[in-house]
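Protein chains: 2
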Amino acid sequence: MYINRKFYENYISTRDVELLHEYTLKVLKEVGVSFNCEEALDIFKNHGATVEGSIVKFDESLLNAALETVPKTFTIHTCSGETPIGEPFRPKTVGCYGPSKFLFEDDTYRVAQMADMIKFLKLMDTSDVTDFVNNAAFDTPDLDKSQDDFYLPQVAMCLKYSKKPTYGNVANSLNTRGKSLKEAARGIANLYKEFYDIWDKPVLLTNACALSPLGYSYEVLDNIIGLCEEGQPVTIITCSMTNMTAPAALLGTVIQNNATILAGIVLTQLINPGVPVIYGSVSSATDMREVALAIGAPEAQLIQMSSLALARYYQIPVRVGVAGTDAMKPDYQAGVETFMNLMTTYLGKADFILHHAGILQSYALGSYEKFVLDEEVNRIMLRLNKGIDISDTKAEKVFEQIKKAGPLGNYLSGRTPKEYRQEHYLTKLFNRAAGEPNAIFENIGELRERAVKEIDERVAGYTLPDLTQTQKQILNKFLPESEKF
Amino acid sequence: MYINRKFYENYISTRDVELLHEYTLKVLKEVGVSFNCEEALDIFKNHGATVEGSIVKFDESLLNAALETVPKTFTIHTCSGETPIGEPFRPKTVGCYGPSKFLFEDDTYRVAQMADMIKFLKLMDTSDVTDFVNNAAFDTPDLDKSQDDFYLPQVAMCLKYSKKPTYGNVANSLNTRGKSLKEAARGIANLYKEFYDIWDKPVLLTNACALSPLGYSYEVLDNIIGLCEEGQPVTIITCSMTNMTAPAALLGTVIQNNATILAGIVLTQLINPGVPVIYGSVSSATDMREVALAIGAPEAQLIQMSSLALARYYQIPVRVGVAGTDAMKPDYQAGVETFMNLMTTYLGKADFILHHAGILQSYALGSYEKFVLDEEVNRIMLRLNKGIDISDTKAEKVFEQIKKAGPLGNYLSGRTPKEYRQEHYLTKLFNRAAGEPNAIFENIGELRERAVKEIDERVAGYTLPDLTQTQKQILNKFLPESEKF
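In order, the protein sequence lines correspond to chains D and C. Per the UniProt record's numbering, residue 1 is the first one in the first sequence, and the count goes up by one each step. Per the UniProt record's numbering, residue 1 is the first one in the second sequence, and the count goes up by one each step.
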């Protein structure tokens, strides 16, 4: 079991959570949430909510009924295994998710192509700290967009390149034409069911982002309805920005987010009671000097801590955070802000982390180098979370060692003891060498050079998953022409 | 009051602390601590400790008597103000401390000269997050070493260049000849007393490092005795390394450190009951592949968390941590490891942080660029620690704002509201700009270029403190020839 270190508890008290909840109820009842979708509005109306135009208002009883049916934990199934999600389990992760531009290893910024997305799939597939794969870039310029649905071909790539489960995005009206987005979402769910030959369990997890303040677009709602009807879990998230799409005060941002997320969660349970759902927030601060999102801001962490505390209060699996930074290169700033973001999520803890590696400049840039560097931070977090092995038996043992070494003695023996290996995380990419810096750089290269070497080795060592003929045939129906088996 | 977020509490339980204490008592009683100083041994003997050669053993009663007299808080006095230290107060900091080599802005590594040490004094003096100044490099090659005592001239530089209090090092037998180190320490204390014209209060805080395992050198002991006799506080610290000078298991390292530190603290109280003392540890992991100290290792944080928990248990002001990294440049690794180190100390919290900015490659390198970048991390920590402003009154206010904006409304108004400025930390050096990266870099430069600009501006804007004629005369007795008034 993963110990929840509850990092947030010293920032958000139980009393604070109760106050946040109380004002959230007021917002849901008196202000309401906009749902731009007739079907969603009908569902709410049929369950006793007040619907005024596109605005839905409801009280505590509807919320409580929904919270009753949300599962505390759930499992994503594939044909190669099960991935449990919830408080008792290690946070589950997925990598770089969807930026259109990448920072490449030659230090240039360019629009990502399909081959770049594939390279990211290979890195995610070979990562020891990445649980889900996804499309690191969507709708790349070299994708054949003549078909009505060029979203499914991209989804199929995840199944071709990795046996890990997929963290999906919602289909949208640009990449899916000629059918409703609800049909598209059901189609995606059914691709996974057919591919895995698993028909009655969650096989896919999908991100569904609210509009702030207090709203949901028809695109996202269509996807939510389709996926929930197929019994597939969604992550309902807010990405509000202080003083822009949320109040200037963090408290206001947190209350507004909570009302927005809970309204979405209520909808999922009205559609399909018991369908798994994740409570999510990546809302952050705005830097008003730049009028820009600042996901590296410390205020973002305070907002995320509140989200963690609230989701735990409601006992809903929770997603917060990203390996986020506002830096444009994997530099000192990137290291600081990535650590800060992952601190909240790993020590917090979140049950799911999107963008757990590989993004820069908020969400605008992908980077292979940052991906492998961020992997190190994920590993450091897992080590921190393990804590110190403290027990009476062990204390007795170390006391004997201290006695044997004695004052001014030493502990260095011929072989490095098992206890050392058990308790020490040995970094792969970070420097630990002492001595003349230039000589060390000559020997191991600069950090980014080490990252590039790691990327090259991983990509070179990657092999395509072994799929059955049936699976290949299923994918061939959708894969881009150049990617068919 | 600074809220202690007690980051460590979710890693080290009260039961853990009690076990650590219990085994520490066993070590003190059955293994003992080596004190390489006749005067110290006599003091222990006179107070009922068992002395076998240089090894001192004592039981709970001597420890408890000493813990009774250690002040929970204390204040350093200068002629320009008071600096309180202890749990209720903001952690106090001092910058880069003593590495012989620096990374310079032209990306070369060179041995530091006196001018470099002075430049660091100017940065520390002009820093909003540095409380104490110190010698960023000791015994530089260009210092006149023909005098018997070339330590006092270096100490005097701190008083010439800043009105902030000084965090001192101990005099040693290389830079102080012709008198005992105890006399040297008393001489330093008296320089401060005379300079400030404050004779009966703590005016100086000094670092005193134990030898691991379980020992104290005569140099450090002579200084401790001299300083305590003058009523001046010392920080007793351990810098043990796992599997080298401490057991391989972190638990063993923590127990051994605790016994070592407590033995030193007992000595201070036997010398001068009630003299302030800081419980300190910067013990860390060894990377056995390099047989090198790894202060950027996550295990170091777990050791520091234990130190924080133990010092709070004993109610002694505590120093842990550094803005430490094993990186050799202010790169991504440096950002990650610096944040991790300062997380434990600021959110932990420590009462004093040495090296709160400006070091690289464990303790081997100083860097101006890293100093100003680390300042950002210190500021981020202070912001994080403040938390979110949550109250009923504020909730009522933000609710009205949410109601006014309504679903899909917006919060951007003509003027940025006071609430925004109150709750948002705006970084000076980190990027927050969105848009085309190359255009942004063209506009604001790379991160290290921004750091250099900040250094240049700070150094250019620095002015020497205004000292009285008497103070100048006092310093002129000691200052290096080229630095006299």
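These are calculated hints, taken from the structure and not from any lab test. Fair warning: there could be bad hints in the mix.
Note that the list lumps identical chains together, so a pair holds whenever it fits in one copy or between two copies.
[Said to hold, decoys possible] Below 20 Å or equal to it, Euclidean Cα-Cα: the simulated EDC-like pairs (lysine to aspartate or glutamate) are:
#1 Lys418 - Glu446
#2 Lys29 - Asp392
#3 Lys72 - Glu38
#4 Lys57 - Glu400
#5 Lys72 - Glu52
#6 Lys394 - Asp116
#7 Lys6 - Asp16
#8 Lys397 - Asp16
#9 Lys386 - Glu9
#10 Lys182 - Asp148
Computed from a prediction, not measured in an experiment: that's the story for all the values here.
Which of the numbered hints are not met once you compare them with the structure shown? 1, 3, 5 and 6
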